[in-house]
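Colleague: Please model the entire structure based on the sequences and the hints provided.
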Amino acid sequence: MSKKTEQIYKAIASLEDLQNQISIINQLEKSKAGAELSEAERIEKIHHLENIEFEMGQALKSLRFWIGSLYSYNGKSTSNAKKTASQENGKKGGRPPKAITDLKKRKVELEENVLPELNREKSVTTDLERESQIDFQITEYENELFIIEEKLDRWHEEKKLK
9 MSKKTEQIYK AIASLEDLQN QISIINQLEK SKAGAELSEA ERIEKIHHLE NIEFEMGQAL
69 KSLRFWIGSL YSYNGKSTSN AKKTASQENG KKGGRPPKAI TDLKKRKVEL EENVLPELNR
129 EKSVTTDLER ESQIDFQITE YENELFIIEE KLDRWHEEKK LK
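Quick note on numbering: the working numbering labels position 43 of the sequence shown as 51, and the sequence is numbered without any gaps.
These aren't lab readings, by the way, just hints derived from the structure by calculation.
Note that the structure is predicted; figures quoted are calculated from it, not measured.
Just so you know, even glycine gets a beta-carbon here, dropped at the ideal spot from N, CA and C.
All clues stand as given, with none of them false.
Below, computed lysine to any residue pairings styled on SDA-like, alpha-carbon distance capped at 25 Å: (1) LYS112 - PHE154; (2) LYS106 - GLU158; (3) LYS99 - GLU166; (4) LYS106 - GLU96; (5) LYS112 - GLU165; (6) LYS168 - THR109; (7) LYS18 - ASN59; (8) LYS69 - ILE16; (9) LYS11 - ALA21; (10) LYS12 - LYS69; (11) LYS113 - TYR149; (12) LYS112 - ARG128; (13) LYS113 - GLU157; (14) LYS18 - ARG72; (15) LYS69 - LEU26; (16) LYS69 - LEU23.
Ranges between beta-carbon positions, derived for each pair: (17) LYS53 - ALA21: 18 to 28 Å; (18) GLU120 - PHE144: 15 to 25 Å; (19) GLN95 - ILE33: 54 to 64 Å; (20) ASN88 - GLU157: 33 to 43 Å; (21) ILE108 - SER131: 30 to 40 Å; (22) LYS159 - LEU123: 10 to 20 Å; (23) GLU120 - PHE73: 47 to 57 Å; (24) ILE75 - ASN151: 47 to 57 Å; (25) LYS159 - VAL132: 25 to 35 Å; (26) SER70 - LYS115: 46 to 56 Å; (27) PHE62 - LYS100: 50 to 60 Å.
Modeller: Shown next as structure tokens:
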């Protein structure tokens, strides 16, 4: 068993023990229903509950730490194949910025969906006014596509210079 797993099990056992102590105190309270506590008993009881509360907080903090470290460890790349792939991608410039990714997605959308659909609609329409509107839309989308391609080309050029 790993040290992390052992620590997690210890923290869980500690929390279970504290839960049992609280349960015992509750049972005692129910059995003393109506009986008055002396000031010393009341202070002792409060002190005991405060200690249990503190210990539970410490155990929870420990449990969160060990679970967090366990999960962070699981997410780390350890295989040589992953390291090599990551290094190769880094040589190519790494992951592109979100703005570039969004531009690429929009370019694909225009090229594969929007413009072909408008061209199809233009080829079947018989309404001259609608055909004129479609021509205008096609021109607007082609201009947008041209601007996107310029931005992507500029980004690729800047990337090559780095």
